[in-house]
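Student: Line by line, the protein sequences are chains A and B. Under my numbering, the residues of the first sequence are numbered 21 to 411, in order. Under my numbering, the residues of the second sequence are numbered 5 to 360, in order.
Don't read these hints as lab results, they were simulated from the structure. C-beta atoms are modelled at their ideal positions from N, C-alpha and C, and glycine is treated no differently. Watch out, some of these pointers could steer you wrong.
Stated by the list, open to error - The following residues of chain B were derived to be distant from chain A, with all beta-carbon distances above 12 Å: (1) Met135; (2) Ala148; (3) Ile160; (4) Met356.
Unchecked claim - If we take Cβ atoms under 7 Å as the criterion, some of the chain A residues that face chain B in the derived model are: (5) Val37; (6) Leu43; (7) Asn44; (8) Asp76; (9) Trp114; (10) Trp132; (11) Gly154; (12) Phe155.
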Amino acid sequence: MRANTWQAPKHLAVENVPDPKILNSNDAIVKITSTAICGSDLHLYNGFMPTMEKGDILGHEFMGEVVEVGKTVKNVKVGDRVVVPFPIACGNCWNCQHDMWSLCENSNPNAWMQEKMMGHHCSGVFGYSHLLGGFAGGQAEYARVPFADVGPLRIPEGLTDEQVLFLSDIFPTGYMGAEMCDIAPGDTIAVWGCGPVGQFAIASAKLLGAERVIAIDRFPYRLKIARERAGADVTINYEETNVLEALKELTGGVGPDGCVDAVGLESHAPGIEGWYDKAKQSMRWENDRPIALRHAIMSCRNGRTVSVIGVYSGFIDKFPIGPLMNRSLTIKSGQCHVHRYMKPLLQHIMDGKIDPSFVITHRMSLDDAPVGYDIFNKKEDECLKVVLSAA
Amino acid sequence: MATQQTIDNERLLPVRRGPARAPRIPEKFADREVKPAPWHSSDFVASEKDPVTNFLGWFSIGLGLAEVFAPHAVARLIGIDDEEHKTLLRAYGVRELAAGVGILTRPKPTYWMWNRVIGDAIDLRSLSNAMNTRGSDRSRLKMAALAVAGVTALDIVSSMRLTSEASPAAGEDPGSYKTADTDSDNVLAAVVTVNKPIEEVYNFWKDPRNYAQFMDQIESVHPTTGGLSRWKVKAPAGLAVEFNAKVVNDIPNELIRWTSVDSENVDSTGTVRFKAAPGNRGTVVTLEIEYKPKGGRLGAKVAKMFAAIPKTQLKNDLRRFKQIMEIGEVMKSDSTAVPGMHPAQPPSRKQMEARS
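Please build the complete structure, drawing on both the sequences and the hints.
Tutor: Structure representation (structure tokens):
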């Protein structure tokens with residue numbers, strides 16, 4: 021089959037690779053119809069995630085048709101149209117049974133690697149380094165999906181791929197980011213990053229009853245989508261104005277009630293702070309550039325919550341623990357527990373409360389994946405979300 | 005009666021009359037000198053510094069002063085050309101002064117004492133260089149080198165003593181928890197929590213034929229007669245080692261212990277313990293393997309290198325055991341389904357065949 025493979029930082033190739041096989045009895049093989057490039061794929065593309073190997077198949081946002089099932093699979097059958105959640109979760113361990121699917125205790129065969137770097141391990145993830153299991157990804161014609169009884173969500177007829185594809189990651193991730201802010205009536209929520217996840221965090225904060233949502237980015241086209249499509253009330257371009265002061269002015273001096281970091285490890289800042297972290301990261305003196313996270317903490321209203329859904333890989337520098345501790349802030353974070361949100365969010369889509377396809381700016385074929393990564397990474401051509409068609 | 009009550013009240017209630025006054029120091033202590041707060045720990049510890057260390061501190065100061073202010077005299081004394089070396093001697097003098105001040109003022113001058121040892125090494129090296137330089141007085145140089153060597157010995161003894169002295173508050177606490185391998189080279193332990201009832205977990209371990217499913221090192225375990233079992237264990241270079249083991253202790257839902265009976269190099273004892281996790285969260289399984297190598301300490305090291313399995317591997321064994329209990333099989337990813345380095349791609353048919 022054809023698959024988009026990682027060769028080296030900023031070098032991808034669509035290659036012919038062996039077809040996936042059933043490896044565990046609860047596996048399913050899915051013939052992929054649509055797959056997307058995630059902002060977090062760019063961290064792999066740019067070489068910031070350790071344990072990538074030449075030939076790794078990328079992609080963790082995909083959907084398609086079940087073409088083969090393992091001998092214990094009961095909940096899906098050949099011919100079903102499914103969306104696959106990006107964390108691989110067994111459904112039987114304590115964490116899965118307590119709705120913390122991205123912390124599945126059984127799905128990562130390379131758990132020992134992650135334990136060495138992170139203390140404890142997380143679930144396996146499709147196409148996201150060997151640290152997260154070494155699973156082939158979904159930017160391919162076919163994918164092997166473990167725990168077919170647990171993860172894949174059957175899609176009712178009448179919905180297009182583009183409407184439901186993002187249930188695999190970015191819509192639930194944005195939703196969880198907003199939900200972690202414990203939104204109460206009257207709350208103002210600020211969202212750092214107007215990439216696809218940020219857009220869904222904005223839209224979700226609105227769905228969850230936020231009084232006002234403030235979106236922060238540096239690309240006017242993304243801020244425009246945040247205002248016009250996601251429902252942000254106010255946008256701030258951090259290259260034009262001081263975010264901390266602007267947020268104070270907009271909130272009567274107290275700061276936003278919830279601050280969502282939808283940026284993660286490659287954040288930018290004008291001036292010295294941006295250069296400082298760029299230099300440190302390029303010399304590997306810190307894994308991640310935590311600029312948005314710092315600003316979210318500094319801006320947050322006393323006693324409220326900073327919600328981290330942007331991806332971080334390791335260790336950072338100049339973490340504002342003093343402001344966090346002295347001002348009684350709470351940090352909530354996590355890889356999205358996608359399984360928790362898929363059905364309720366599908367219901368939102370079916371009820372017409374949201375059409376997630378609003379983030380799509382580019383549609384390409386699987387063979388053009390390397391081009392898609394390039395323009396998405398460079399934010400060329402007002403790129404926000406690339407969907408690849410594998411059919 | 006009434007009068008009596010009035011007096012009592014007056015004694016009980018503190019009644020302030022007039023502005024507060026500074027507490028008066030009683031006459032008999034008035035001439036006492038009061039040490040300004042806060043007291044520094046060095047006030048106590050410095051006086052307890054051993055005399056050798058103190059002497060070396062003053063020695064540094066003396067030598068440093070001589071080198072800085074009278075480099076010519078020092079040069080003549082040790083038998084080197086004075087004009088040529090005065091700057092170098094002054095630099096060495098500054099080093100000595102710094103070390104001396106450090107040693108005399110720090111309560112525990114470990115760092116500064118080692119600094120002296122390094123300085124000694126530099127001095128000895130410089131003196132040996134000077135031996136081969138024209139215009140040097142060989143016999144004086146030899147005397148100087150001998151003197152430095154003597155002081156070096158003192159420096160090393162004092163430094164090592166300071167290093168070995170723990171800080172006074174630290175030390176052994178027999179009441180605190182230590183990992184199983186803290187005090188022993190021969191013990192490996194790992195623990196996992198399984199989301200299953202204790203009886204089910206115990207019954208799985210009860211049958212030694214199950215071990216090969218999750219223990220990487222084990223090829224097979226077969227029960228034989230008389231409570232014994234035959235273990236076939238993978239060894240380096242594709243070899244296999246076989247030995248017999250017997251169960252020496254078996255307490256249902258609590259513990260199983262087995263020990264090897266006729267192994268050539270190493271006696272090993274394995275203990276698996278079962279305990280209900282608090283709050284009905286499954287079963288905690290602890291696996292401890294103890295190696296008793298035949299052949300003393302050296303044997304222990306050799307066994308650790310070749311026979312013993314690394315801790316990560318033992319943890320992975322338990323992880324696979326947990327997978328078998330919770331999901332019925334060992335979890336595989338595209339890259340881990342076949343042995344060796346393999347990108348996250350579906351394995352080829354050839355690789356799959358090679359595996360089986």
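Student: Run every hint past the structure and note whether it holds.
Tutor: Hint by hint, here is what the structure shows:
no.: 1; hint: Met135; verdict: holds (45 Å)
no.: 2; hint: Ala148; verdict: holds (46 Å)
no.: 3; hint: Ile160; verdict: holds (37 Å)
no.: 4; hint: Met356; verdict: violated (7 Å)
no.: 5; hint: Val37; verdict: holds (5 Å)
no.: 6; hint: Leu43; verdict: holds (4 Å)
no.: 7; hint: Asn44; verdict: holds (6 Å)
no.: 8; hint: Asp76; verdict: holds (4 Å)
no.: 9; hint: Trp114; verdict: holds (5 Å)
no.: 10; hint: Trp132; verdict: holds (5 Å)
no.: 11; hint: Gly154; verdict: holds (3 Å)
no.: 12; hint: Phe155; verdict: holds (5 Å)
When each numbered hint is compared with the structure, a violation occurs for hint 4 only.
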